[in-house]
Amino acid sequence: MSSIIGRNLLAGAEADPAGDAGHGADHPERVGFFTDTSVCIGCKACEVACKEWNAVPEDGLELTGMSYDNTQGLGADTWRHVAFIEQDKPLGHAVTGVDPGGVDHSGVDVFALAAGTTAPAPPREQAEVPTPDGRTELRWLMASDVCKHCTHAACLDVCPTGALFRTEFGTVVVQEDICNGCGYCVPACPYGVIDQRKEDGRVFKCTLCYDRLGEGMEPACAKACPTDSIQFGPLDELRERAAARLGQLHDAGVADAQLYGESPQDGVGGDGAFFLLLDRPEVYGLPPDPVVTTRDLPSMWRHAGAAAATLLGGLAAVFALHRDYRKAR
Amino acid sequence: MMSGSGVDRDGVYGERPGREAVVGGEQSVSDRPPSGTPSERGPGRRRGRRGRRGERLMVPEAEFTSYYGRPVINAPTWSARDIAGYFFLGGLAGAGSVLAAGAELTGRKAMARALKVSSLAAISGSGALLVHDLGRPARFANMLRVFRPTSPMNMGSWLLTAYAPTAGAAAVLEAAGRLPRIGRAATGGAALLGPAVAAYTAVLIGDTAVPAWHDGHRELPFVFTGSAAVAAAGMALIASPVAENGPAVGAAVFGTALESAASRIMERRLGFVGEPYQQGKSGRLKRAAQGLSAAGTAGALLWGRRNRIAAALSGAALLAASACTRFGVFQAGVASAEDPKYTVVPQRERLRKQAAGDA
Numbered sequence: 005m006s007s008i009i010g011r012n013l014l015a016g017a018e019a020d021p022a023g024d025a026g027h028g029a030d031h032p033e034r035v036g037f038f039t040d041t042s043v044c045i046g047c048k049a050c051e052v053a054c055k056e057w058n059a060v061p062e063d064g065l066e067l068t069g070m071s072y073d074n075t076q077g078l079g080a081d082t083w084r085h086v087a088f089i090e091q092d093k094p095l096g097h098a099v100t101g102v103d104p105g106g107v108d109h110s111g112v113d114v115f116a117l118a119a120g121t122t123a124p125a126p127p128r129e130q131a132e133v134p135t136p137d138g139r140t141e142l143r144w145l146m147a148s149d150v151c152k153h154c155t156h157a158a159c160l161d162v163c164p165t166g167a168l169f170r171t172e173f174g175t176v177v178v179q180e181d182i183c184n185g186c187g188y189c190v191p192a193c194p195y196g197v198i199d200q201r202k203e204d205g206r207v208f209k210c211t212l213c214y215d216r217l218g219e220g221m222e223p224a225c226a227k228a229c230p231t232d233s234i235q236f237g238p239l240d241e242l243r244e245r246a247a248a249r250l251g252q253l254h255d256a257g258v259a260d261a262q263l264y265g266e267s268p269q270d271g272v273g274g275d276g277a278f279f280l281l282l283d284r285p286e287v288y289g290l291p292p293d294p295v296v297t298t299r300d301l302p303s304m305w306r307h308a309g310a311a312a313a314t315l316l317g318g319l320a321a322v323f324a325l326h327r328d329y330r331k332a333r
Numbered sequence: 185m186m187s188g189s190g191v192d193r194d195g196v197y198g199e200r201p202g203r204e205a206v207v208g209g210e211q212s213v214s215d216r217p218p219s220g221t222p223s224e225r226g227p228g229r230r231r232g233r234r235g236r237r238g239e240r241l242m243v244p245e246a247e248f249t250s251y252y253g254r255p256v257i258n259a260p261t262w263s264a265r266d267i268a269g270y271f272f273l274g275g276l277a278g279a280g281s282v283l284a285a286g287a288e289l290t291g292r293k294a295m296a297r298a299l300k301v302s303s304l305a306a307i308s309g310s311g312a313l314l315v316h317d318l319g320r321p322a323r324f325a326n327m328l329r330v331f332r333p334t335s336p337m338n339m340g341s342w343l344l345t346a347y348a349p350t351a352g353a354a355a356v357l358e359a360a361g362r363l364p365r366i367g368r369a370a371t372g373g374a375a376l377l378g379p380a381v382a383a384y385t386a387v388l389i390g391d392t393a394v395p396a397w398h399d400g401h402r403e404l405p406f407v408f409t410g411s412a413a414v415a416a417a418g419m420a421l422i423a424s425p426v427a428e429n430g431p432a433v434g435a436a437v438f439g440t441a442l443e444s445a446a447s448r449i450m451e452r453r454l455g456f457v458g459e460p461y462q463q464g465k466s467g468r469l470k471r472a473a474q475g476l477s478a479a480g481t482a483g484a485l486l487w488g489r490r491n492r493i494a495a496a497l498s499g500a501a502l503l504a505a506s507a508c509t510r511f512g513v514f515q516a517g518v519a520s521a522e523d524p525k526y527t528v529v530p531q532r533e534r535l536r537k538q539a540a541g542d543a
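Heads up: the protein sequence lines correspond to chains A and B, in order. First residue of the first sequence: 5, per our numbering; consecutive thereafter. First residue of the second sequence: 185, per our numbering; consecutive thereafter.
I should point out that these hints are in silico values taken from the structure, not numbers from a laboratory. If a hint is listed, it holds; no wrong ones were tucked in.
Derived Cβ-Cβ restraints for the label pairs, each shown as a range:
(1) A:E66 <-> B:I493: 50 to 58 Å
(2) A:N74 <-> B:R265: 29 to 37 Å
(3) B:S263 <-> A:R327: 41 to 49 Å
(4) A:G64 <-> B:H316: 25 to 33 Å
(5) A:D204 <-> B:L328: 18 to 26 Å
(6) B:L328 <-> A:N74: 36 to 44 Å
Glycine included, each C-beta is placed from N, C-alpha and C at the ideal position.
Generate the whole structure from the sequences, applying the supplied hints.
The structure is reproduced here in structure tokens:
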């Protein structure tokens, strides 16, 4: 563990958040999620597994009209949320099942295709042919959102009771026996993750299954994900895997594919749970360039100090102008 | 760049209609109708925007994408009555302690006594509101189980722990007429801590992801201390004899000037993100605060030192002005958190500038 003296711990890249939080040199390596939304099928198994394992209460059964998303967003009672976005746009070179040309597939050797030896790509033009009613392509984006377990976690920084803490795995967890429900973390989170459970009073969010990690098990959502869209592991390894996957998608012509929250240089020092997205972050309800609010805390205190001095000085000046009260009497 | 819109200090330019989730990144953005077309928003999302005569429409509709128009960040769970009420009472107490010390030093006995008592009452009320707003009020003492400089709320809890007993001692010893030396020390101590109590609440809200609060973190402390001086001056005008009102009138002028100057600078600097300070509920509260503080200050200047009733009425207007300012700032923050455009548009613009700088 390098010394925390003389370093800016409020923002910027930070190699070892758990160590900086006081965990000894033998603490486990930082873990997290890499959510590859390009293989998400929107099954919501992660939502269900999370609720079941963590005993998260039911929070309303509503029909929203937002595609297949009736969960709506992360909150005190939703620690995994699958977003659904419908767009009239092809996904890279993907081909729809619509086959107006009646292409003959009888000569294709499916075993050779599966072995990856000969794979004649279907002609690109097929993807562009509109259906009779004038529509072209539909792509359906699905993404499972979760707490980002930021390197610089605003919720943790602003918590006045120390209820939020950095675990030995580098994750951020609420201690429910400490939280007094002040709610400060709620507007502090740049992603809108943590929230208050009204009937309980305290705040709740994803723990990255802290109880399972201690037993050497992967979090419930990652365990339940049938397509490995949610990948759990050491953060360094996940970043390598994500970079490889991004290259693969770019090669396949999915130019919009981008990593989100992966860079340690971003406004929160990198996310412990990062994503591969197929469109801009805001399309999924994610902030495009989040910054940990405490980055500006020194400036805030300076301005508050100046304001307090202005008040004291201004009122002192007022009294200096009205000093002659006793004489006047 | 595919899209020709952006934000500068004058607001958003080149805006385009449409905020539904159907986007598809750069490609579909370029497919949209050209800028300058009448803005259209999804059903139920359009809010009234009456252009007032002689006032430039601050910001046109912003083109941006969101997830079904849902907010990106979570709005504060705080109740306006508790937290904005606390900001008001904390300011009244803090600036009141300064006025009390000044009054004592210049021999204005009645004014000193009144403001010591009002500071004690206000800070007690503050504490009650703060505890009431907790999800688990019985655990309020957990605020003091750590000392955490990164948490303005924790720092504020320690500050109140120092200030409240000091202000309390000043009031109680004054009322009892006992231990004058300790009473004077407590009065001085409260006067030194008071401005911090009045100013730190601006850091408290500035240190959030709420756009209108965070981005206003430079000016908000001055808005808050100015508003605190307005409140304390109002209280002094209500509770002191007219002969002692000279400094209270001066404090009213000073506070009103500081608060309105800081607000104006903040709104000008924030541009688009500062919009909620002028619109909707928060805008109405702000205009009410402006009217009340102007009326209160004018009344104090004209009659504050002559007519007891007029002085008290002016004081009441100033107190109400301060309360309106705090509730207005609170509501502006909530409004800016609830509309995703205040989160997305500035961040997107920041990325665009960054990309332009790198290229």
